[in-house]
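Trainee: Chains as they are written, first to last, in the numbering used here: chain A, -3 to 457; chain B, 17 to 478.
Quick caveat, the hints were computed from the structure, so don't treat them as lab data.
By construction, the Cβ of each residue, glycine as well, lies at the ideal position given by its N, Cα and C atoms.
There's no promise every hint is true.
[Unchecked claim] Listed next, with one range per pair, are the computed distances between beta-carbon atoms:
no. : chain 1 : residue 1 : chain 2 : residue 2 : range
1   : B       : Glu424    : A       : Asp112    : 41 to 49 Å
2   : B       : Lys305    : A       : Leu190    : 32 to 40 Å
3   : B       : Tyr218    : A       : Glu381    : 20 to 28 Å
4   : A       : Leu12     : B       : Ala240    : 43 to 51 Å
Here are the chains, one letter per residue:
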Amino acid sequence: MTFGLLIQKEILEQLLSLRFALACTICLIISMSSAFVLTKDYKEALADYNTNVVMHDKEVDENGDVWGKGLMVDRPPNPLQIFVRGVERHLTASIRVTFQQEPELESDTDMNPVNDLFPPIDLLFFIGVVMSLLAIAFSYDAISGEKESGTLKLLMSYSLPRDQVLIAKWFGGYIALATPLLLSLLCSLVIVLLFPTVELQGDDWLAIGALVAAGLLYLAAIYSLGVFISARTQLASTSITVLLMIWVLMVLVIPNVSPYLASQIQPLPPFTEIDADKVERERDLRDEFNRELDEFRDKNPDIEEWGNDGRWGTEWNLIEQRRALKLIDAQSSIDQAFVNQLSQQLDLAKYLSRISPFSSFAYAATALSATGPTERERFLATLPEYRKEVAIFITNMWSRMHAENIDYDDRDYSGRPQYVHTLPDIEQRFADSLIDVMLLGVWCVVFFMGAYLSFLRYDVK
Amino acid sequence: MLLSLIYKEIVNNVLSLRFMVTFVLFFVLTLASVYTMASDYERTRTIHEASVSQHRDVITDIAGAEDEDNRFHELLYGGGGIYGDRAPAPLSVFVKGLERSLPSQVNVSLWQSRKVQEDRYENPLLRLFATPDYAYIINIVISLLALLFVFDAICGEKEKGTLKLLLANSVPRDLVLLGKWIGGFASLAVPLLVSLFSAVLYLVLIGSVPLENEFIARLGWVVAVSLMYVSVFFALGMMISTATHKASTALLVSLFVWVCWILVVPNLAAVAAKFLSPVPTPQKIESEKMAIDRESQIRRERVWATNLGYGKRAEQLIEQIDDDGEKRKERIDAFYEDKLREQIEWSRNLSRLSPSASYVYAATDLAGTGLGLYGAFRGSYQRFVEEFVEWGNEWDTKYHDNDDDYPEENWLSPDNLPSWKLVAPRLDDTVTMAMTDILLLLVFNVLFFMLAYAFFLRYDVT
Chain A
-3 MTFGLLIQKE ILEQLLSLRF ALACTICLII SMSSAFVLTK DYKEALADYN TNVVMHDKEV
57 DENGDVWGKG LMVDRPPNPL QIFVRGVERH LTASIRVTFQ QEPELESDTD MNPVNDLFPP
117 IDLLFFIGVV MSLLAIAFSY DAISGEKESG TLKLLMSYSL PRDQVLIAKW FGGYIALATP
177 LLLSLLCSLV IVLLFPTVEL QGDDWLAIGA LVAAGLLYLA AIYSLGVFIS ARTQLASTSI
237 TVLLMIWVLM VLVIPNVSPY LASQIQPLPP FTEIDADKVE RERDLRDEFN RELDEFRDKN
297 PDIEEWGNDG RWGTEWNLIE QRRALKLIDA QSSIDQAFVN QLSQQLDLAK YLSRISPFSS
357 FAYAATALSA TGPTERERFL ATLPEYRKEV AIFITNMWSR MHAENIDYDD RDYSGRPQYV
417 HTLPDIEQRF ADSLIDVMLL GVWCVVFFMG AYLSFLRYDV K
Chain B
17 MLLSLIYKEI VNNVLSLRFM VTFVLFFVLT LASVYTMASD YERTRTIHEA SVSQHRDVIT
77 DIAGAEDEDN RFHELLYGGG GIYGDRAPAP LSVFVKGLER SLPSQVNVSL WQSRKVQEDR
137 YENPLLRLFA TPDYAYIINI VISLLALLFV FDAICGEKEK GTLKLLLANS VPRDLVLLGK
197 WIGGFASLAV PLLVSLFSAV LYLVLIGSVP LENEFIARLG WVVAVSLMYV SVFFALGMMI
257 STATHKASTA LLVSLFVWVC WILVVPNLAA VAAKFLSPVP TPQKIESEKM AIDRESQIRR
317 ERVWATNLGY GKRAEQLIEQ IDDDGEKRKE RIDAFYEDKL REQIEWSRNL SRLSPSASYV
377 YAATDLAGTG LGLYGAFRGS YQRFVEEFVE WGNEWDTKYH DNDDDYPEEN WLSPDNLPSW
437 KLVAPRLDDT VTMAMTDILL LLVFNVLFFM LAYAFFLRYD VT
């Protein structure tokens, strides 16, 4: 009996089993239906986004009031959200940026609340939850099951080293697990590409490739865990009980509890305090503005307030501009201080939960697809800069209009600042996911070594 | 006879490894979940109280100040406005439901009204993974454990050969099945109740939730529904066990059924409803309304352009145009509401194909954190805005009529202002609302038990 024959035997045994048939069906059904549904969702979000952009532009051009209503920033949907929905509930978002008020994502209760009760099924869920359960179903009886059926004794009576037997078993089962996964992923990619509106760029393909690779690594870790436990137990029923308990804790409990635990260990100040801070700063700056205005009035007694010569209006707008820029800086630095604390808490939660490979996979997948927990903050943090541009633009414009005595109806917003939304580039995403991918590799090796060591001293009788 | 069958079943279960593991897991999970959710509830409540008093302070600061009318006027027209705070539901310790996605504050002024989105200031991981509340533990974890408990009830005994032995006695098969069901379910329900009881004891000891009658009654309902839900899985597992002849096959089938039915169906159904019953996006509604505004504007300009520009007739015409526009906008809103309601109904009914969805609806409704709370929130928010706008305009008229000074003394106090009242549905109403889902769970229970019975009658025991 040779090593090649051994692998062949393992693969055949798996391929002919009931679980392989069930796994294929389940993989195809879930991944294709979810690809169809999520792609359609994305397509609609993209259409919404395009209408919004046109509508918002038209609104400003036709009857704009940039002073009072500001400009709208539309965030385009990320095509990778077809695969990993991530943290955001909405694929696209519109946010009003005015220079007086802080930009705020509107809390949207005009939506179907049932979607909040049942999150959509994406690749993260499919591989992370469904496939990992399948990995356990494929591996729980690898050693102990064969012992029970008596064939292990038979197999060991050949002159085969145990390491070869174990490696053959590992590969046979893993190939049987990975085949339905890769096949169904291929099918779902075809479905995604059948929708002509979805445009995946070169970077997106790299990210998808890395995503699948991370998924395979994660499944290898879980699969090795299954073989490991199987080699530690004598009965298949014991091994499945233990494995399911571990699976429940690892996939369903640890990731969910860890953010709550982190908020216990490292509590944040209540966000109402931030509001109070901001209100105070705003009042100070309003006083400063009034003082500056008074000074100007004292120095230039000849200028009539809001006079027809426009001199007052010109200066007033420049003072207002200084106030607005200071206000924006103050508000964003208050936010920044809070967000720093928050990201410490986030990091703590991540570290706590990384004891479970599922969390690592989730972090790697969201980092690769730029849908992770820091993504919204990254978007919001770019807004103060844009808000400053809006403030400078509008106050300069009004100042000029006063100086040149331009009528309100002839206002011209054509030079208004444009917001450009960017996602982190692919190198950045790889760097962000590196630690979790490495952890998955470590788990894989640790569990396999555990399986190997246990199998070396396994009582095959 | 039945008693000794039950007794045998219980002893058999209690002495097994999985009973030990399940018991420990129940205990650890329930306590961990209640501990985390209780501290989260505590934190939310502290923030809520701080925020209520902070919002009161803003008003009391203005009240009695020298330029109180002026400052209040500023507040009315956009300088902050007034706030309404939503207190967290006490039962969110057990069933968080939609609490997570509803805003905790609303804010109105005559310039704008909005729901405050504070989730920028909380850990974003909370949105990545499902909330680990008690309902989640029951819904996902315990349902799986229940299947694990029962998958080999019949076929496992057949493999061991004890089933043959058992039926060699003169026991009718229905009694055997019933005995297995009662014994097995009892050995699952007891650890469940014990761990829940210790969790409630913990809550009493730390004193974080008010143990009022209403709270206890709601919790009782939630527990009853949870037990019903678990028993659906018990009956399902039994059915699978009577339909198969090998324990390993039964286990695989159970796992697959669980994955598809619990994890996949409700999630897909919720999204599928989006396509079967589409709702225009809020932006589209907004742009339609803007189009109506523009049209009204053009019509008004036409009136002004004619000779009738001033005078009674023109006033009448303009009033008619305005009325017309308002009515059409109201119709659009009503249309949107209808569509949304339709879609919610669709997704609700589609997802009810899975008992997991029924359980979630029933538990969240009974806990007061479900779709009822969502509806109440929307309704009360709209009422609050309307009430405030009316009140504010009245105030403004009086203020201007009296030469920019409010005529009455001591008129401003936080208690005189319109306040936001979120009236959650009462317990009786929620029970009625949850009845469909409770009945559905009952139907699943009976159905699976009947099927198990039918299969077992013709089961080949040798």
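Trainee: Using the C-beta atoms of Tyr218(B) and Glu381(A), is the stated range 20 to 28 Å upheld?
Mentor: Because 48 Å falls outside the window, the suggested range is violated.
Trainee: Does the Cβ distance between Leu12(A) and Ala240(B) fall inside 43 to 51 Å?
Mentor: holds, 46 Å
Trainee: Tell me if the beta carbons of Glu424(B) and Asp112(A) are separated by a distance inside 41 to 49 Å.
Mentor: The hint (41 to 49 Å, Cβ to Cβ) holds, given that Glu424(B) and Asp112(A) are roughly 45 Å apart.
Trainee: Is 32 to 40 Å respected by the C-beta to C-beta distance linking Lys305(B) and Leu190(A)?
Mentor: holds, 36 Å
In this structure, only the earlier hint numbered 3 is contradicted, and the remaining ones agree with it.
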